[in-house]
Amino acid sequence: MRSTPGAGSRPSRRQVLRASLIGGIAVYVAPLGSQAFASLFEQRLLTRPDWGATDGVLKYRIDGTSKVIGAKVFARDLRARDMPHWPQQQSHALVLRTTRADRIYAGFDLSLLGDDLKPDRVVTAADLTRDGLAFPDFYGEDTLLPEGKTPAYLGQAVAILVFHDFVRFRFAKEKLQFNDAVIRYGASTGPLQRDPWGTSRFVRVGGNTPYDDDVFSCLKDGPISPGYEKHEPVWPAPARDGELGARGMYHATAIGDELAQPPAEWVVLKRRYATQSGDTAALEPDNANGWYDSDKQELHLVVPTQSPQEVAKGAATMLQSSRIGLKRLFLYPCFTVGYGAKDSCSMPYYGLIAAVYGGSRPVRLANDRFEQFQAGLKRHQLSMDYTVAIERRTGLLQSLRAGIVANGGGRKNVSDLLIKVGATSLGSAYYFPKTDVTATAIASRAVDAGSARGYGALETMTATELMMDDIAGELGLDPIEFRLRNVLKTGMRNTQGAIPTGVLRAEAVLEKARAHALWSGRGARKQAFDADHPGKYYGVGFGCIQWRFGNGAEASLAKVELAPDGRIMVSNSGAEIGTGLSSGQAVACVRWLGRPADAVELAVTDWSDLPVETSGDPRAMSQADQDRLAENPRWSPAYASASSASNSSYYLSHTTREAARIVYVHGLLPAALAIWTRDAPAGSRVPSIEDARWRDGSLTVEGLEPLPLVRLVREAHARGLVVGAAVHGFNRWRWAEADFVVNNVAVHAPVDALSVRYGEGGDVSKPGALQGRYHVLDRQAVIFPPTQNYHAMVGYCTAAGTLAELVVDAASGKVTLLSHHTILDCGTMLVPDLVSGQIQGGTATGIGLALHEHMPLYEDGPGNGTWNFNRYHLPRGSDVAAWTQTAEILQPLSESEPPKGMAEATVIPIMSAIVNGIAHAIGHRFRTLPVTPDQILAVLG
Amino acid sequence: MSLPTRPLTVTIDGRQRGPIDVPDGLMMIDLLHEILDLTGSRLGCGIGICHACVVIWDRDDGTSEEVRTCITGAGFFDGKRIRTIEGIARHNDKGEILSLSPVQQAFLDQFSFQCGYCTPGFVMAATVLIERLARTPVPRGQVEATVAAALEAHICRCTGYVRYYQAVRDVILATPGLTRDVG
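Respectively, the protein sequence lines represent chains A and B.
Letter by letter, the first sequence follows residues 324 to 1264 of the numbering used here.
Letter by letter, the second sequence follows residues 3 to 185 of the numbering used here.
Isolated chain A (complex conformation):
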């Protein structure tokens, strides 16, 4: 028997599931772990935080127990039978994909399945065309490739096969997989030739010193964009006093001319670096499980995603513009892991299509690992040509020209953004007086490339670090000494002409590395080791980066609410991707509320308590447009960011902290003051509440009675003070700030939208007081960061450095890591155990990229459907120096220093540390990653 949400739903579910409207379609979202989802499942996936009040340490991940017992926490674990209101019988689907991209696609042949294994429904491009169903614009054309066209890329989807029972699905798939006869091809056309997905040029000519105004820069003037001719970029003609592009090219040309005929005291090096295409290898392969109820015109979709807001909007938009009737969309985002590849990922939309054509049965579309290699988003392969000049006498960098080409594969995805990040991150931790960086993301027949840990910066920063060692060798300088001479210091301008926010601490990282025993004693140890171990070569290498965290258009929403019994509940728009966001958000409350939240809901998309409107592109809009739009008190340049390993601790926690602060200042503090002054003798001085501090879960000041949170909360409720706050924040390398009036008190806060909930015992005439609902406050004034700020491209930075100690075996070419040591600046840590876990995990990924992970781009690569972990080596325990690695965290500058994004920062420096260490070991500088035993053997002879 089946029941549907429209009728017969349990009251608890109706209470917690609330709709938002997207294009006229009611969208309900119940993230895994949320109250709404729990009402479906009647189980708790997040446990109450176990908090050591005296040492201020979170004892467990709050999602830990459910994960360690193998509970159903991933979308992949869920079946129709787990969804109380779905039909219980689960159907299964698979996607047929092309394995050639050089000839016409001419249909498919399923005759090998016979009658027994014939699919119950085959969905093709013809179905989608008939029903007007197509990808959201972001993903491009040909959701399913129609016959008669050349596939744009290897692994392009042509059909979805739906089976109404698992066994037939399973055995049909076995017959179809790896079978080249299934897809038919016609005439040879060669691969499609297309314009690049994007090309940008960033030119900077600095002033007389690193601190002076620029002559020309991206921040001051803007990036340069080309036209295209025969798919090649065509740059504006140089002109000193022309338009932006012409002026930029004038300076670019001058930089090129100077490098071609350098001053006598310059040393000029030309180097080419290359990094590999890779798989993010998130262990949960992409999947979706959907049920389209054609009677009620409702779609339910269980998805793993780093960006639930994007999926909600995309799915609603996709269906609204089709001829498929849809009134309501129910989205169930789950815990997941993606390392970027479950952000801007098309799988949820294929799942949607499978569900729509499932004949009102739930349909599960779940990649196996071969399919995940074939269709999952890939790391961009990058080639980087650097020409760099250094003044020999001083060892100071003078000029850098770089040409970067990233292979974006078959669909654009984020390639155009990613190359900008790569191009503007290559300056990393160093000051360059002049730079001319061109970055192109090419379209190719490779599998789609998308977001992957490091987002283009990993590749360019690694190249820069290899170059720094290369230059130091040319100059005869110690590599760390050379870096210190050129390190970007606080107040200096980066390659975009921007001055990064806050104190830059790469210099501190470099000093610590230079003093570390691994570095200072490396020469003597090498001599001794090599003498004692014939056929083996010892080496120590170093890498350092200054990592930007954030993307220049970050936004998030958070709500913090105090229940009358003192429980703290947090909601946040971010999704849990394994980094511990749920635990981090709980702990983000500690500063203002004295202890972590008791309950955390993530991936929340229902923000009816805080209506925020957005329009336009926050990265491209003009200042005039922003000023005009900002007159709407509900408007913000962006709504909510996807979750990434580096944005959760800073950007997503910011809104949680600010919401907690509003509750503290306008709820708990006045409540405390009321209690402290109620029984005080007449004439007593009013305590200085700004000095109030939490001690062991109670608030105290000036020796007054410590007040436990629950007592304060009761008082706040009774007095109708603020007991809940929902905020929206927007950051373009600076937080938007706005003025509000809360309870007749003027508030200036680094948020651009605010609503508050008052205690129910207060003045019933107050808006929202009666119903316990949120009162949306119109902002009185707002300061959005200027649109030009986006061109800074790098605003907030984390410094990280790694020393790697290794041995190269001359007989096998194998590199063995003996130990490694990472030095990291991450501000104030939210959960130290999670930070160290991120360092350990990040360095392991870096080791994989330096030494192991690789796959060809084209016909022999993953698009052919035969790749798996037998051919793609992920680092094992024996590869990562599990017992001997160490790390140290720079002390935060003060207790008020916010946490910094750091997870991706730890992936990168070990890559160059290893490659530079190999150079120390055998005297050869590799410039193509990964460095394989075969390459080493070729060098050693």
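Hints may contain errors.
[Unchecked claim] Covered by chain B, according to a simulated footprint, are these stretches of chain A (three or more residues, beta-carbon under 8 Å): (1) 390–397; (2) 1135–1142; (3) 1163–1169; (4) 1201–1208.
[Said to hold, decoys possible] Here's a subset of chain A near chain B, in silico, CB distances under 8 Å, partners left out: (5) Tyr383; (6) Ala403; (7) Asp443; (8) Val490; (9) Trp558; (10) Ala605; (11) Leu606; (12) Asp739.
Hints listed in this document are in silico derivations from the structure and should not be mistaken for laboratory results.
Computed from a prediction, not measured in an experiment: that's the story for all the values here.
All C-beta atoms in this analysis are idealised placements derived from N, C-alpha and C, irrespective of residue type, glycine included.
Based on these hints, arrange chain B on the given structure of chain A.
Using the frame of chain A, we list chain B on its own:
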């Protein structure tokens, strides 16, 4: 449909399942996931490389070993006793957890995992190791190497393995009878 089937009876987490008619050639992971609703043994690679899908096979001689369910046919388990991740913690009649196993508790205490997808596999491998050491203790000086060897086959993408290894080492060192002094 005319796919041949065979009856299968298997004891899982102390409970006899079956006889179930299972199609020839169906992998054990599919039986666990699609028919028995035990989804904690995770599909990682499907070809026996990553070990996220392992269960523990309890042999009649009192020994136990990991078996990769993604490459082992369901029929192999006919008449056998296995443990899955769902059966490692102690539960009451209502299915509520009474206590985690020492390995699970150590993984939780030491923040050993991040996304948690591979965690069931590591729990099973460490459980098998500890049971083996209870029968055949190792010298204390060999504990780290023993842990590394026992967990080497398991792939984790998030953590860099460090906290898994440390947690298992600490359980071994804290559990009487798993190690011995040399000599």
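Fill in: Hints violated by the structure (numbers, ascending)
Hints 2, 6, 7, 9, 12 contradicted; others consistent.
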